[in-house]
Amino acid sequence: MHDDHPGDYLDATVRAYDLDPARYERATAAMLPTTEIDAFVRLLPDPAGRVLDVGCAFGRDTALLADRGLRAQGVDLSPAFVARAAERRPDLSFRVMDARQLDFPDGHFSGIWCQAVLLHLKDHDIRTALAGFRRVLAPGGALFASFKEGEGEEEVVEPFSSDASRFYRYQSVARVTDLLTAAGFRPAAVDRSHESERYGPGHRDLTWLHAFATAPAGAVG
Numbered sequence: 001m002h003d004d005h006p007g008d009y010l011d012a013t014v015r016a017y018d019l020d021p022a023r024y025e026r027a028t029a030a031m032l033p034t035t036e037i038d039a040f041v042r043l044l045p046d047p048a049g050r051v052l053d054v055g056c057a058f059g060r061d062t063a064l065l066a067d068r069g070l071r072a073q074g075v076d077l078s079p080a081f082v083a084r085a086a087e088r089r090p091d092l093s094f095r096v097m098d099a100r101q102l103d104f105p106d107g108h109f110s111g112i113w114c115q116a117v118l119l120h121l122k123d124h125d126i127r128t129a130l131a132g133f134r135r136v137l138a139p140g141g142a143l144f145a146s147f148k149e150g151e152g153e154e155e156v157v158e159p160f161s162s163d164a165s166r167f168y169r170y171q172s173v174a175r176v177t178d179l180l181t182a183a184g185f186r187p188a189a190v191d192r193s194h195e196s197e198r199y200g201p202g203h204r205d206l207t208w209l210h211a212f213a214t215a216p217a218g219a220v221g
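The opening position of the sequence shown corresponds to residue 1 in full-length UniProt numbering, with each subsequent residue numbered one higher.
In short, the hints are calculated from the structure, not lab data.
Ideal Cβ positions, reconstructed from N, Cα and C, are used throughout, including at glycine.
Careful, some of the hints might be misleading.
[What the hints assert, rightly or not] Restraint ranges, calculated between C-beta atoms of paired labels, are given here: (1) PRO90 / GLY200: 28 to 36 Å; (2) PRO201 / ARG127: 16 to 24 Å; (3) GLY140 / THR35: 33 to 41 Å; (4) ARG95 / GLY69: 18 to 26 Å; (5) ALA217 / SER165: 38 to 46 Å; (6) THR34 / HIS124: 20 to 28 Å; (7) LYS148 / ALA48: 31 to 39 Å.
Could you put the whole structure together from the sequences, leaning on the hints where they help?
Dropping the structure here:
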């Protein structure tokens with residue numbers, strides 16, 4: 001699927017990831033979100049259902065979900081990441097796709113996993129993405145999305161995983177809850193996790209927000 005947002009603010013972010021995908025993979029390969037995946041799986045209406053990893057990068061979490069017995073597939077806006085994910089797990093499906101324009105039928109998935117992706121979007125585009133997530137989720141479907149805690153937005157170089165600048169929008173628990181509620185989700189929890197405390201030396205002094213929500217049972221849309 002082609003990007004229908006030519007020349008927008010995300011172009012630089014995608015180029016930053018495409019520039020050195022191996023560096024990002026080295027930086028994050030061991031940052032396994034086991035606790036969050038456990039909580040996500042408990043929310044799923046079908047423990048063996050279809051789940052979509054939105055912004056799958058090199059496919060780390062797609063593989064973790066598939067290894068839990070879920071029918072997992074991944075999408076990412078970075079062609080380099082999609083190629084790497086397919087190389088790592090040729091048994092799984094990966095496609096180049098914009099999180100704001102999911103090309104799937106209504107109600108197709110039991111769950112959507114979205115790790116460190118919506119933080120690259122401005123609020124109006126987060127709302128667009130969440131509306132699409134809501135559309136492709138089955139009634140009662142589960143959503144996981146993570147954000148960096150903070151205020152405002154900026155384009156910044158994070159040498160942890162890239163030498164090129166990327167756009168970040170920081171969020172609070174209250175704003176994430178409001179965004180989910182406005183999109184028609186039922187927030188279940190927004191948990192905090194400090195990166196360096198969790199993963200040890202060499203990681204960043206920042207707090208992640210891990211949001212869990214469900215789509216209401218009833219009509220999709």
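Now for the hints, and whether the structure bears them out:
no.: 1; hint: PRO90 / GLY200: 28 to 36 Å; verdict: holds (32 Å)
no.: 2; hint: PRO201 / ARG127: 16 to 24 Å; verdict: violated (37 Å)
no.: 3; hint: GLY140 / THR35: 33 to 41 Å; verdict: violated (22 Å)
no.: 4; hint: ARG95 / GLY69: 18 to 26 Å; verdict: holds (22 Å)
no.: 5; hint: ALA217 / SER165: 38 to 46 Å; verdict: holds (42 Å)
no.: 6; hint: THR34 / HIS124: 20 to 28 Å; verdict: violated (33 Å)
no.: 7; hint: LYS148 / ALA48: 31 to 39 Å; verdict: holds (32 Å)
Violated hints, listed in ascending order, are 2, 3, 6; each of the other numbered hints is respected by the structure.
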